[in-house]
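Undergrad: Letter by letter, the chains look like this.
4 protein chains.
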Amino acid sequence: MTWKEHLHEIIYEADTPLGKAFDVILLILILLSLALVMLDSVDFINTHYHNLLHISEWVITIAFTVEYFLRILVVKKPTKYIFSFYGIIDFLATIPLYLSLILTGSGALLSLRALRLLRVFRILKLERYFGAGNFLITALKKSLPKIFIFIYTVVIVSFVAGAVMYMIEGPQHGFTSIPQSIYWTIVTLTTVGYGDIYPVTPFGQFVASIIMILGYGIIAVPTGVVTAEMTFMRKKTNTVHCRNCGENDHKSDAQYYLKCGHSL
Amino acid sequence: MTWKEHLHEIIYEADTPLGKAFDVILLILILLSLALVMLDSVDFINTHYHNLLHISEWVITIAFTVEYFLRILVVKKPTKYIFSFYGIIDFLATIPLYLSLILTGSGALLSLRALRLLRVFRILKLERYFGAGNFLITALKKSLPKIFIFIYTVVIVSFVAGAVMYMIEGPQHGFTSIPQSIYWTIVTLTTVGYGDIYPVTPFGQFVASIIMILGYGIIAVPTGVVTAEMTFMRKKTNTVHCRNCGENDHKSDAQYYLKCGHSL
Amino acid sequence: MTWKEHLHEIIYEADTPLGKAFDVILLILILLSLALVMLDSVDFINTHYHNLLHISEWVITIAFTVEYFLRILVVKKPTKYIFSFYGIIDFLATIPLYLSLILTGSGALLSLRALRLLRVFRILKLERYFGAGNFLITALKKSLPKIFIFIYTVVIVSFVAGAVMYMIEGPQHGFTSIPQSIYWTIVTLTTVGYGDIYPVTPFGQFVASIIMILGYGIIAVPTGVVTAEMTFMRKKTNTVHCRNCGENDHKSDAQYYLKCGHSL
Amino acid sequence: MTWKEHLHEIIYEADTPLGKAFDVILLILILLSLALVMLDSVDFINTHYHNLLHISEWVITIAFTVEYFLRILVVKKPTKYIFSFYGIIDFLATIPLYLSLILTGSGALLSLRALRLLRVFRILKLERYFGAGNFLITALKKSLPKIFIFIYTVVIVSFVAGAVMYMIEGPQHGFTSIPQSIYWTIVTLTTVGYGDIYPVTPFGQFVASIIMILGYGIIAVPTGVVTAEMTFMRKKTNTVHCRNCGENDHKSDAQYYLKCGHSL
Numbered sequence: 656m657t658w659k660e661h662l663h664e665i666i667y668e669a670d671t672p673l674g675k676a677f678d679v680i681l682l683i684l685i686l687l688s689l690a691l692v693m694l695d696s697v698d699f700i701n702t703h704y705h706n707l708l709h710i711s712e713w714v715i716t717i718a719f720t721v722e723y724f725l726r727i728l729v730v731k732k733p734t735k736y737i738f739s740f741y742g743i744i745d746f747l748a749t750i751p752l753y754l755s756l757i758l759t760g761s762g763a764l765l766s767l768r769a770l771r772l773l774r775v776f777r778i779l780k781l782e783r784y785f786g787a788g789n790f791l792i793t794a795l796k797k798s799l800p801k802i803f804i805f806i807y808t809v810v811i812v813s814f815v816a817g818a819v820m821y822m823i824e825g826p827q828h829g830f831t832s833i834p835q836s837i838y839w840t841i842v843t844l845t846t847v848g849y850g851d852i853y854p855v856t857p858f859g860q861f862v863a864s865i866i867m868i869l870g871y872g873i874i875a876v877p878t879g880v881v882t883a884e885m886t887f888m889r890k891k892t893n894t895v896h897c898r899n900c901g902e903n904d905h906k907s908d909a910q911y912y913l914k915c916g917h918s919l
Numbered sequence: 656m657t658w659k660e661h662l663h664e665i666i667y668e669a670d671t672p673l674g675k676a677f678d679v680i681l682l683i684l685i686l687l688s689l690a691l692v693m694l695d696s697v698d699f700i701n702t703h704y705h706n707l708l709h710i711s712e713w714v715i716t717i718a719f720t721v722e723y724f725l726r727i728l729v730v731k732k733p734t735k736y737i738f739s740f741y742g743i744i745d746f747l748a749t750i751p752l753y754l755s756l757i758l759t760g761s762g763a764l765l766s767l768r769a770l771r772l773l774r775v776f777r778i779l780k781l782e783r784y785f786g787a788g789n790f791l792i793t794a795l796k797k798s799l800p801k802i803f804i805f806i807y808t809v810v811i812v813s814f815v816a817g818a819v820m821y822m823i824e825g826p827q828h829g830f831t832s833i834p835q836s837i838y839w840t841i842v843t844l845t846t847v848g849y850g851d852i853y854p855v856t857p858f859g860q861f862v863a864s865i866i867m868i869l870g871y872g873i874i875a876v877p878t879g880v881v882t883a884e885m886t887f888m889r890k891k892t893n894t895v896h897c898r899n900c901g902e903n904d905h906k907s908d909a910q911y912y913l914k915c916g917h918s919l
Numbered sequence: 656m657t658w659k660e661h662l663h664e665i666i667y668e669a670d671t672p673l674g675k676a677f678d679v680i681l682l683i684l685i686l687l688s689l690a691l692v693m694l695d696s697v698d699f700i701n702t703h704y705h706n707l708l709h710i711s712e713w714v715i716t717i718a719f720t721v722e723y724f725l726r727i728l729v730v731k732k733p734t735k736y737i738f739s740f741y742g743i744i745d746f747l748a749t750i751p752l753y754l755s756l757i758l759t760g761s762g763a764l765l766s767l768r769a770l771r772l773l774r775v776f777r778i779l780k781l782e783r784y785f786g787a788g789n790f791l792i793t794a795l796k797k798s799l800p801k802i803f804i805f806i807y808t809v810v811i812v813s814f815v816a817g818a819v820m821y822m823i824e825g826p827q828h829g830f831t832s833i834p835q836s837i838y839w840t841i842v843t844l845t846t847v848g849y850g851d852i853y854p855v856t857p858f859g860q861f862v863a864s865i866i867m868i869l870g871y872g873i874i875a876v877p878t879g880v881v882t883a884e885m886t887f888m889r890k891k892t893n894t895v896h897c898r899n900c901g902e903n904d905h906k907s908d909a910q911y912y913l914k915c916g917h918s919l
Numbered sequence: 656m657t658w659k660e661h662l663h664e665i666i667y668e669a670d671t672p673l674g675k676a677f678d679v680i681l682l683i684l685i686l687l688s689l690a691l692v693m694l695d696s697v698d699f700i701n702t703h704y705h706n707l708l709h710i711s712e713w714v715i716t717i718a719f720t721v722e723y724f725l726r727i728l729v730v731k732k733p734t735k736y737i738f739s740f741y742g743i744i745d746f747l748a749t750i751p752l753y754l755s756l757i758l759t760g761s762g763a764l765l766s767l768r769a770l771r772l773l774r775v776f777r778i779l780k781l782e783r784y785f786g787a788g789n790f791l792i793t794a795l796k797k798s799l800p801k802i803f804i805f806i807y808t809v810v811i812v813s814f815v816a817g818a819v820m821y822m823i824e825g826p827q828h829g830f831t832s833i834p835q836s837i838y839w840t841i842v843t844l845t846t847v848g849y850g851d852i853y854p855v856t857p858f859g860q861f862v863a864s865i866i867m868i869l870g871y872g873i874i875a876v877p878t879g880v881v882t883a884e885m886t887f888m889r890k891k892t893n894t895v896h897c898r899n900c901g902e903n904d905h906k907s908d909a910q911y912y913l914k915c916g917h918s919l
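Protein chains in written order, with my numbering: chain A, 656 to 919; chain B, 656 to 919; chain C, 656 to 919; chain D, 656 to 919.
Check each hint, because a few of them may be wrong.
Any copy, or any two copies together, can satisfy a pair, since identical chains are not distinguished.
Unchecked claim - 30 Å max Cα-Cα, derived DSSO-like pairs, lysine-lysine:
# : residue 1 : residue 2
1 : 890       : 796
2 : 659       : 732
3 : 796       : 675
4 : 797       : 659
5 : 891       : 732
6 : 675       : 732
Hints were generated in silico from the structure; no laboratory data involved.
Treat the numbers as computed from the prediction; the structure is a model and nothing was measured.
Working from the sequences, and respecting the hints, build out all of it.
TA: So, in structure tokens, the structure goes:
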């Protein structure tokens, strides 16, 4: 086993003690880097521990850089890794600090560091849950056309209700413009209800009540669509032992009659 | 092919390059007209760019007018188009500015322009999603009697709870009248919770807590009704290939036994 | 036909023109009486139109009194009517004003007038929707033990989370006592979120975030329970024409095999 | 029957009059103790009735102590009781006041008294509802992997959206740091919407609207997952009388074909 193969085992596998240690250290680094991004934005911490944060950021960036090049070095097909999903995430998680050197005042780019969160996936070996993830994604994909119609309807309702409320309440009660009123309608329809803007006139409150009840009720539509899809899929994944042929992968209620050819 | 047929192809079809170009231009015009309605209401923009907005509105209105008459001209049965769903939408989307000339101070009529949003449907050929739309509409229609009972119950609860909270909290805590209290109850039951009015006394907070938990829980009722209907419909639209007769339009689990007469 | 039978037909039936007219007048009276209760509480209206409101209230009360005694008079079994659901509603809708004469300062009793809302049921002949109503009630009844467990869990979570937040945030941030904190927890768990009390310390916001996500997620439990029950019931009410016996009241997928005795 | 057996019957059973009386007294004590914990935190009550509260707390603690030792005394296997679920609850419900004597200033420990709420379970014999409880727990357990994926997605979305909103709105509009912005995103995604922080700039309101609609819609995912699981389980628990074999415990639609071997 060459040193490349050895390193590959440590970096990409988690079966050996060294491989596990590598994963644990990397996980800690990732979580630390995320904590850094967050703490960096807190005014009190930024002013008091600026140097510490800056140094830590450099340490983590360099560690990620080293890891990134090691990954390229030890993998068999480097280009495949570089343009894979994880390869791009790794690259984007490493680059922000370097960019901030080149482009002065590009603090906005530092928010790319939030992508580091996606790196956690790799370490925790969340792939084993990907079956569950696929289930959700398939259900959502199948629900998409219906949900599209639903969102389209919500947008139209928001637009019309926003215009109506703008006329009823007017700028003196916080509904300063139609876009603002549409924003208020979405805040109300989705039952968020900040309370930064709210109807004051009795008629405005009456119309708002109708919008609220509508918003409260229409949640039933996307929920119904997704649930119906999931119920259907859930039922299909139910395996039943067939008495006649002994097979136990008759997945769907409808299909298991067909596979073994027995009437049960 | 006469010029009428030619124009008909451009306006009503999207297969030719000219037809596609017409659709794209129309879509841009519609979205522009919607943006105009919104920007018109923003105070800052209205005062600074009043003339620009006014001229743009006239340009779009004239464009829509021309398009409307062209549609009548080239269609085979003009009256059928005029009284069709899209014909009425097109008419209402065109007329507001003309009305504002005749009726001075009829700014309210300008909000009819919001109907232009419905025109987007036509261009995006959303008809292909209408199967999905019909699914939703059928499910909602079948759920209607149960949802009617539900809303009726919510209204009674709001009325009673509003009266009770009016007596507990009273005008000094913002519950200035029973209608105001009913408004608060709806804000609370639908979990919107603006915070413009809220209970202050311990007993008021206790009753409010019960209303909240009730409001939080009863969302299960419309959701359950719609979902049950959709689950039932979703199951029916599952096609299964029948082994015996080869038919594949055995739509419902219950019915496919009947169609081919085989026990499967 | 005696005058009693004649009156009975007018009051209790809606088939004759007079019976329909009676129903319409009664419906208007009920809605007027409800409007009175609400307007009575609006300060501005109460001070300016006090006499008008007071006289109207007496007119309606007398009308209801007359109607109540007529109902007793013409019905065959008066005691049965008096102690029936509608009989009690009619009585409670009539009595508040008389009580306010006897017991001075019993304004609270006037809120009993809100029960008049239930009288609307009678006129609108909502009984035809009672099938739908029964469906909902049966589904909710069957879901009750599970929902009881759910509410019990929510109460425990609210109590514990309330105590925890009281310790974290303390009286200086609005969490003045444990009952107050429990109230806040319920406001948060149910996603109402008035904003009268909210966490200020970072750790308090962190714990609050967990409570919010919990509250956002656990709505799935009552919704799931009720929906599962309704889906099950909805499926059972699906009628299928049986090919062999021609019966079409094979209500349940499970039972229709049994009724006709055919294997389908 | 020895006195130990006699006491055991009173304390652990509820069939005899004495046993029932013991249960009722214990229930009252538990509810009183809970009320004490809550009232203790209310400033007004604490200052005016401090001595009364303190004495009551001691009375209840001593009563619980006596009960705890009696339970150990009369039970056959004391260690089994001590380390059972209820044994630990009973212990933790008794100990806080003693701890506050040893550790001065350990007011925080007093919140352990909230665990007394769990004692109510024992008295109300809620075990009969445990079937329902098990149903919920099983459904939630089976939904766990999918819900884990869902929560993970919500956390990532919150982090990214929080960072984005921090850059758009900035500290001057209340988004003082990324953790604060993440807190705001969770408040918005879960549709709680306190209104302590809210977007002010038009672009911020636009992004917030998208977050709201997303938050409003994604509730469909956990609801769908749990509902699908419950619908599946609910269907399985449907018992059908089999015509051929007379058995009535054919629990699942799929399985009852198998048990009796009849084609129905």
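Undergrad: Treating 30 Å as the Cα threshold, decide for residue 891 and residue 732: within, between, both or neither.
TA: neither (39 Å within a copy, 48 Å between copies)
Undergrad: How do residue 675 and residue 732 come out at 30 Å by Cα distance, when the copy is not named: within, between, both, or neither?
TA: within (23 Å within a copy, 44 Å between copies)
Undergrad: My question is about residue 659 and residue 732: at a cut-off of 30 Å on alpha-carbon distance, are they close within one copy, between copies, both, or neither?
TA: Within. Shortest intra-copy distance 13 Å satisfies the 30 Å Cα cut-off; inter-copy 61 Å does not.
Undergrad: Is it within a copy, between copies, both, or neither that the alpha carbon of residue 796 lies no farther than 30 Å from that of residue 675?
TA: So residue 796 and residue 675 pass the 30 Å test across copies only (28 Å; inside, 36 Å).
Undergrad: Indicate which option fits the pair residue 797, residue 659 if close means a Cα-Cα distance not exceeding 30 Å: within, between, both or neither.
TA: neither (44 Å within a copy, 42 Å between copies)
Undergrad: If the cutoff is 30 Å on CA atoms, where do residue 890 and residue 796 land: within, between, both or neither? Let me know, please.
TA: both (18 Å within a copy, 17 Å between copies)
In summary, the numbered hints that this structure violates are 4, 5.
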